[in-house]
Structure formats: structure tokens, C-alpha cells
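Chemist: Residue numbers (our numbering), protein chains in the order written: chain A, 1 to 266; chain B, 1 to 415.
Quick caveat, the hints were computed from the structure, so don't treat them as lab data.
Check the hints yourself; a few may be wrong.
Unchecked claim - With a Cα cut of at most 30 Å, we get these calculated DSS-like pairs of lysine-lysine:
1) B:LYS2 with A:LYS8
2) B:LYS77 with B:LYS221
3) A:LYS105 with B:LYS184
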Amino acid sequence: MQIHLHAKEIWRHRGFILASVLREFHLRYRGSILGATWLLIPPITMILVYTLVFSNVMHSRLPGNDTPFAYSIYLCSGLLLWNLFTEITQRCQSIFIDNAGLLKKTRFPRLALPAIVVISGSINWAIITALFVLFLAASSQLSIAGLFALLIGWLLTTAIAGSLGYALSFLFVFFRDLGPFLGTGLQLLFWCTPIVYPATVLPEWALPVVRANPFFHIAGFTQRALLEMKLPPLSELTAPCLWIVALAMLATLIHRRLQFEILDEL
Amino acid sequence: MKGAISVSSLGKCFKHYPAPHHRLIEWFGLSRRPQHQTRWVLRDLNFRIRPGESVGIIGRNGAGKSTLLKVLTGTTKANEGQVELEGRVAALLELGMGFHPDFSGRQNVFMAGYMLGLQRDEIIRLMPEIEAFAEIGEAIDHPVRTYSSGMQVRLAFSVATAAQPDILIVDEALSVGDAYFQHKCFKRIRRFREQGVTLLFVSHDPLAIKSLCDRAILIEKGGIAMDASPDEIFDYYNALIALDEARADEHGEHIAQQGGQTRSGTGEAKLLDGQILVNGQPATIFTAGTPITLEVDFRIDAPLEELTLGMMIRDRLGNDIFGTNTFHLGLPLPVEPGPTRHRLAFRLPACNLGPGSYSVTLALHSAHTHIGDNYDWWDQAITFQVAERSDYHFAGVAMLEVQPELLTTETRTSA
Numbered sequence: 001m002q003i004h005l006h007a008k009e010i011w012r013h014r015g016f017i018l019a020s021v022l023r024e025f026h027l028r029y030r031g032s033i034l035g036a037t038w039l040l041i042p043p044i045t046m047i048l049v050y051t052l053v054f055s056n057v058m059h060s061r062l063p064g065n066d067t068p069f070a071y072s073i074y075l076c077s078g079l080l081l082w083n084l085f086t087e088i089t090q091r092c093q094s095i096f097i098d099n100a101g102l103l104k105k106t107r108f109p110r111l112a113l114p115a116i117v118v119i120s121g122s123i124n125w126a127i128i129t130a131l132f133v134l135f136l137a138a139s140s141q142l143s144i145a146g147l148f149a150l151l152i153g154w155l156l157t158t159a160i161a162g163s164l165g166y167a168l169s170f171l172f173v174f175f176r177d178l179g180p181f182l183g184t185g186l187q188l189l190f191w192c193t194p195i196v197y198p199a200t201v202l203p204e205w206a207l208p209v210v211r212a213n214p215f216f217h218i219a220g221f222t223q224r225a226l227l228e229m230k231l232p233p234l235s236e237l238t239a240p241c242l243w244i245v246a247l248a249m250l251a252t253l254i255h256r257r258l259q260f261e262i263l264d265e266l
Numbered sequence: 001m002k003g004a005i006s007v008s009s010l011g012k013c014f015k016h017y018p019a020p021h022h023r024l025i026e027w028f029g030l031s032r033r034p035q036h037q038t039r040w041v042l043r044d045l046n047f048r049i050r051p052g053e054s055v056g057i058i059g060r061n062g063a064g065k066s067t068l069l070k071v072l073t074g075t076t077k078a079n080e081g082q083v084e085l086e087g088r089v090a091a092l093l094e095l096g097m098g099f100h101p102d103f104s105g106r107q108n109v110f111m112a113g114y115m116l117g118l119q120r121d122e123i124i125r126l127m128p129e130i131e132a133f134a135e136i137g138e139a140i141d142h143p144v145r146t147y148s149s150g151m152q153v154r155l156a157f158s159v160a161t162a163a164q165p166d167i168l169i170v171d172e173a174l175s176v177g178d179a180y181f182q183h184k185c186f187k188r189i190r191r192f193r194e195q196g197v198t199l200l201f202v203s204h205d206p207l208a209i210k211s212l213c214d215r216a217i218l219i220e221k222g223g224i225a226m227d228a229s230p231d232e233i234f235d236y237y238n239a240l241i242a243l244d245e246a247r248a249d250e251h252g253e254h255i256a257q258q259g260g261q262t263r264s265g266t267g268e269a270k271l272l273d274g275q276i277l278v279n280g281q282p283a284t285i286f287t288a289g290t291p292i293t294l295e296v297d298f299r300i301d302a303p304l305e306e307l308t309l310g311m312m313i314r315d316r317l318g319n320d321i322f323g324t325n326t327f328h329l330g331l332p333l334p335v336e337p338g339p340t341r342h343r344l345a346f347r348l349p350a351c352n353l354g355p356g357s358y359s360v361t362l363a364l365h366s367a368h369t370h371i372g373d374n375y376d377w378w379d380q381a382i383t384f385q386v387a388e389r390s391d392y393h394f395a396g397v398a399m400l401e402v403q404p405e406l407l408t409t410e411t412r413t414s415a
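Starting from the given sequences, assemble the full structure and let the hints guide the process.
Modeler: Below, the structure written as C-alpha cells:
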């Protein structure tokens with residue numbers, strides 16, 4: 001009953017959500033000469049730098065894979081998803097603080113705010129990923145399995161980031177410690193995830209720790225699918241899916257408990 | 001039924017935690033004692049408003065009006081009781097919320113419309129009307145940052161009232177720019193009212209409520225003190241304010257002293273108090289033409305050669321409306337110093353001022369004008385409001401008596 005009411009309210013405010021997303025992109029490049037081209041330049045630079053520096057200069061090679069672009073593909077695919085994850089989590093966390101004025105003065109569905117963040121983060125990601133796909137095609141590493149894995153990676157990452165960020169957003173209103181806490185936590189999590197290094201370099205004892213990290217599975221799944229050009233067993237995604245269910249339940253619980261209390265605190 | 005409002009046993013409290021970690025202690029049940037202090041802002045409110053009624057909510061600052069407003073508009077949630085508003089609600093609380101300075105007026109109209117839950121085609125349909133009402137011409141396509149604050153408010157008001165609501169909630173604190181536009185806004189609000197829109201008007205100004213509403217609810221200390229016709233509320237409210245002033249006097253701080261008025265003088269004589277009485281009771285609001293008495297208390301602290309007490313009534317813009325003094329009125333005042341509290345009464349058989357708010361400046365000086373020695377000068381010592389009469393309508397600050405007579409002359413046809 002609750003959920004369908006929320007969905008209805010969100011649908012009624014779809015114009016607001018889409019206009020906010022557009023406004024955000026508009027604002028980001030307003031007053032710049034190159035305009036939307038700036039969306040493309042950083043990712044191109046990222047792909048080029050990683051390919052040149054790691055593959056050609058440092059001669060980094062993935063164990064068991066000798067193609068020159070393998071490491072670059074490994075690194076870029078991991079980073080793409082990681083950046084999507086941090087962007088959504090961090091921006092979601094402060095949505096209530098950032099929109100305090102709006103929330104206090106007008107009535108609109110709270111869920112519209114994370115929706116705006118998730119949509120604009122996803123558009124960003126899609127643009128960068130499109131370039132990455134071109135790069136994959138150029139290095140003849142493009143496969144249906146790879147594309148499918150990217151899509152799955154996107155879906156799971158936004159789901160985790162969205163529910164985690166939304167759950168934190170309520171708590172952040174009361175406890176400002178969460179800001180620096182999240183920043184530090186994300187940094188730790190980044191180095192606990194095989195993105196820069198391959199999982200095979202990890203010592204035996206560290207594996208169970210890293211396995212508890214849902215992002216380990218999501219990134220690993222996408223990275224392997226792209227490199228091996230075939231889908232790894234879907235059972236590898238069980239852990240992240242459980243995480244998503246748990247986080248979504250937590251977010252719902254917190255939403256129910258605190259949705260009105262935050263208004264008195266903003 | 002659309003347009004109905006029903007509030008039953010409504011209560012709203014705020015929790016105050018001494019520090020953030022007290023909240024954690026409470027959430028995780030680490031302590032048996034509650035970690036917060038609860039402050040009830042509204043308690044046990046009950047009222048029902050029928051569709052098409054126009055009701056004023058009145059109360060002093062801090063009585064709980066704004067909180068009630070927030071609960072009604074859904075920007076905060078009640079802790080107890082039920083609130084039901086049926087139909088589409090438009091609230092004119094904060095105009096121009098969500099306006100972004102870098103986007104054009106038109107783009108911002110779309111955004112504001114979306115926030116109200118309108119769809120694109122509805123906004124396109126309403127756009128000509130919005131543009132026409134705002135009267136900002138070509139500026140609609142310029143960035144909002146180039147707008148004057150008046151233009152922004154015009155546009156915001158136009159959007160907020162473009163689609164006819166079932167319930168309109170207006171906060172009087174709303175300032176809608178220049179007098180011309182203000183008039184236009186109230187005209188639109190009145191039109192809504194005639195078309196059967198339920199109107200809820202929140203104010204601390206009984207005059208505004210009287211002119212717009214046929215029922216008023218007085219909120220006092222978080223509860224309903226009275227629910228009656230605006231006229232009845234009027235007298236009660238007066239009494240409340242008078243009580244307030246009396247209390248402030250006990251603490252030695254006259255209420256008017258908190259305003260931005262000036263007090264100057266050499267101090268040989270001192271103004272102690274000033275108030276307006278209607279029927280022997282202190283009053284700050286009365287209808288035009290009411291007999292009033294202006295009482296001024298003063299004391300003489302040093303021997304004087306002559307003493308004059310003057311008063312000047314000013315309108316809210318500071319224009320002199322009427323002034324006189326004891327010298328011109330031919331009443332000599334005592335000049336011997338002493339602890340005696342003298343009281344002077346200016347009796348006005350009819351205070352023939354037009355509706356509006358006024359202030360009284362009092363002065364003790366030596367000569368017949370205050371150019372001589374100025375002993376004590378007290379700007380805005382008293383403020384009061386004059387209400388419109390129901391039996392005599394006129395415009396302006398002076399209530400003159402007029403006898404109309406139709407003198408028809410014969411039309412001369414040139415032959």
C-alpha cells in the first residue's frame with residue numbers, strides 16, 4: 001500500500017525530477033565554451049592515461065592475460081563502477097541537507113530527491129561507459145557478454161549506492177560525523193576492492209575479508225566478463241543481491257521511522 | 001467533500017536533545033530515562049472548516065500559528081491527532097521557492113509548476129495567464145537574476161495561483177511587492193473566495209482578517225482560545241495585548257521600547273507611560289470614529305520655568321497626521337519637581353482616522369514648539385490600529401463627514 005502510493009507520487013512529480021536532472025547538467029556547463037564536450041574530455045583522458053601509463057610505461061600485466069590492453073580494461077571497468085558508486089552514495093547522503101530549504105517550505109515526495117541523484121549519476125556513467133565501449137571495440141575486446149555485464153554492474157551498483165546513500169541521508173541530518181566517516185570509509189573500501197590490483201595478489205587470509213565486500217563481487221563479475229568475453233556464473237552475484245535486499249530494507253525502515261523527524265531538525 | 005478541512009485533537013511537539021549522542025543513546029535503548037526534553041507547541045486543537053468558508057487564524061508571535069500552518073501544508077507532521085484537507089491545496093507561504101537565478105522566468109515557471117505537481121501540457125496551457133498576471137513583459141525570457149525582488153514575487157504569485165485550488169492557505173507575512181500588485185493579489189484571493197475556494201488566512205493583524213474572513217480562530221499558547229466571528233475575536237485579542245503590555249511594564253520594560261523608536265531629551269521631566277483607552281479599558285485596536293482617551297504619565301525631576309506636553313499621530317509611513325500640545329490647547333502644566341506621577345488625558349470625542357496603523361510620538365518640552373528645551377522625546381510611544389467601519393466606507397486617513405446631494409440641472413437645448 002505504502003509503496004504504490006510512493007510510486008504514484010513520484011510519477012506525478014516526474015516532470016520535476018526530469019527538469020531537475022536537466023537543470024543540473026545545464027548548470028554544470030553553463031558559461032563554459034566547450035559546454036557538454038566537458039562530459040567527454042575527462043573520461044577520454046582517464047582511459048588514455050591508464051592505458052599509456054600502466055600498460056606501456058609501467059608494463060603492468062594481468063596475471064594470465066598477456067594482451068596489452070587487459071590491465072587498462074580491468075582498471076577502467078572497475079573504476080567506472082566505483083565512481084558511479086561513490087557519486088551516488090555521497091550525493092545521496094547529503095540530499096536532505098542540500099535541499100533543506102525546499103523540504104521545509106514545500107511539500108513533495110522525498111523519494112524524488114534520490115531519484116534525481118540516481119538518474120543524473122547514471123547519465124554521467126552512461127556517457128563515460130559509451131566511450132569505454134568504443135575503446136573496447138577498438139581493441140577488439142567487445143562482446144555481448146561484456147555489454148551485458150556492464151549493464152548488470154550498473155544495475156547492482158546504483159541499487160547498492162542508492163539504498164545505502166538514502167539510508168545514510170536521514171542519519172546525516174542528525175549526525176554530521178557521517179560526512180567525514182563516509183569519505184574515509186569509501187577510501188578504505190576502494191583499496192579493499194580489487195580495482196587497481198588483481199584479486200590474485202591477495203594473501204590467503206585476506207580473501208574472506210574482501211569477499212564480505214559486495215563491491216568485490218560486482219566489480220569482479222564485470223571485469224571478468226569483459227576480459228574473458230563470456231559471462232561468469234551468475235551465482236557470483238548472490239552476495240551483492242543479498243546486500244541490496246538488506247540495505248533496501250534498512251533504508252525503508254529508516255525512512256518510515258525518521259521521514260518526519262528530519263523536518264524538525266533541518 | 002473538496003475544500004473541507006478537519007483537524008481533530010492535533011498536537012505537535014519538538015524534541016530537544018542536549019547533544020547529538022543523546023539521540024543515539026535513546027535510539028538504541030541504552031538508557032531507561034528519556035534523553036530529550038519535549039516542548040509542545042500545539043496541543044489538542046479541534047476545528048472544522050466547511051468548503052467555501054474563509055477563516056482567519058490569528059495569534060501573537062509564538063502562539064503556534066506557523067507550526068499549525070506547517071502541519072496543514074504538510075511540511076511537518078503532527079505528533080498526535082488527525083489533519084485532513086480535501087482537494088488541491090495551494091499555499092502562499094514562501095514565494096519564489098526553487099527559483100534559480102540563472103534560468104529565465106519562463107524556465108522557472110515550469111520548474112515551479114512541476115513542483116506543484118502540474119504536468120508540462122498544463123503549464124503550457126496556463127502560461128499566457130501567468131505571464132499576463134505577472135505583468136513583467138519581455139523579462140519573462142530573461143534570467144531571474146536580472147529581476148527586481150518585486151518582479152520575482154509577481155511571477156511567483158502568478159504561478160502559485162495559476163491553477164484554482166480547492167483550499168488556499170495564505171500567510172499574511174507574505175509580501176507581494178508594491179501596493180498596486182498587492183491590491184491585485186488580494187483581488188485574486190477575493191475572486192477565489194467568491195468562487196467557493198476555502199480560504200485559510202493566517203495573520204497577527206486582526207484588521208486584515210476582518211476584511212477577508214467571516215470566521216476567525218484565535219490561537220493562544222498552542223491551543224484554540226476562541227473560535228468566533230472576527231469582531232468578537234477582535235475585542236478578546238485587544239484584551240490579550242493589553243494584558244501583555246501590563247506584564248511587560250511589571251518587568252520595567254515597556255513593550256514599545258523593543259521597537260526601533262528613539263528616545264532623547266535632557267531629562268528634567270520624564271515621560272513615564274502612554275496609552276490609549278476605549279471605554280476606560282486599554283486598547284490598541286478600535287474602529288474609526290471611536291471616542292478615545294490618550295493618557296500620558298509624566299514626572300518632573302528638576303525645577304522648570306515652563307512645561308508643555310505634545311503629541312503627534314503619524315501613519316505607518318511616518319507622515320504627520322495630527323499633532324497638538326498643551327500650550328496650544330491652553331492647559332498650563334505644573335513645573336515644581338517632585339515624586340508625583342502626573343497624568344494628562346487628551347480626550348478625543350471621536351478618533352476620526354481612517355483604517356490603518358498609526359503611532360503616537362510624545363514629547364515634554366519648554367516652549368510651544370519643541371524647538372525650545374527638549375526634556376523628553378519619545379518616538380512611537382504608542383502604536384494603535386484603526387479598523388474599518390462596517391456602516392461607513394471611505395478611503396484615506398481622515399474620516400470626514402459628507403452629505404451627498406444630487407442637484408440635477410435642466411439640460412439646455414440650443415434652440
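Chemist: For every hint, state whether the structure bears it out.
Modeler: These are the hints, each one checked on the structure:
For the proposed pair LYS2 (chain B) and LYS8 (chain A), the alpha carbon gap of about 20 Å is at most 30 Å, so the pair holds. Restraint check: the Cα-Cα separation between LYS77 (chain B) and LYS221 (chain B) comes to about 19 Å, which is no more than 30 Å; the hinted pair holds. Our distance criterion of 30 Å between C-alpha atoms is met by LYS105 (chain A) and LYS184 (chain B), whose separation comes to about 24 Å.
Of the numbered hints given earlier, the model fails none.
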